[in-house]
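J.: Kindly generate the complete structure, drawing on both the sequences and the hints.
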Amino acid sequence: MKQLAFLLLLLPLLIGAPSCKKYPEGPAISLRTKTARVANEWEVEKSLRNGVDQTEAFNATYSGLRETYTKDGVWTYSYTDNGGNLVSGSGEWEFEDDDDDDDGDGDDDPNKSSIERENNNNLPAEIHLLKLQENEMWYWYKENNDRVEVHLKEKK
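Residue numbers (our numbering): 41 to 196.
Because the hints were derived from the structure by calculation, they are not lab data.
Beta carbons are placed, not taken as given, at the ideal position from N, Cα and C, and that holds for glycine.
Pairs of lysine-lysine residues, derived as BS3-like cross-links and limited to a Cα-Cα distance of at most 30 angstroms, are as follows:
#1 K86 / K193
#2 K196 / K171
#3 K182 / K196
#4 K86 / K196
#5 K74 / K86
#6 K182 / K86
#7 K171 / K195
Restraint-style ranges between C-beta atoms, simulated for each label pair:
#8 R89 / T110: 25 to 31 angstroms
#9 T116 / E85: 15 to 21 angstroms
#10 A100 / S128: 16 to 22 angstroms
#11 G123 / N175: 27 to 33 angstroms
#12 E85 / E183: 15 to 21 angstroms
#13 T110 / N185: 32 to 38 angstroms
#14 A100 / A76: 28 to 34 angstroms
T.: In structure tokens form, the structure reads like this:
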């Protein structure tokens with residue numbers, strides 16, 4: 041009888057857990073902090089523009105793109121542009137920490153699932169996380185009126 045009562049208490053948690061996902065593509069639950077999951081060296085696996093695969097075009101513009109995030113808020117990147125020039129830089133990154141639209145992009149982020157990153161190149165300053173796992177990070181950003189989605193995988 042005690043087991044049945046215990047299961048009945050857990051049932052609402054099990055049913056409600058999937059609806060509490062912070063990132064649309066997961067995970068629902070993680071034992072690692074989001075900072076620990078971001079802190080990694082990443083490479084591009086796939087890119088979409090308005091839902092259409094554009095990986096080849098993205099790789100032509102940002103060939104060999106590598107992004108590295110550290111737990112202490114440092115972001116570095118490097119890629120070869122379509123002219124064959126190596127482009128690299130660094131800056132700071134942090135999770136967006138407010139729930140108002142102070143940058144005017146029409147997106148507020150009460151779940152703090154966006155990252156603000158500083159750079160002096162043409163890479164987006166604000167990215168919105170879709171999936172954040174130990175070996176996968178998906179994000180999207182606005183480019184003009186387009187939604188560009190980038191799927192990164194852990195660099196091996």
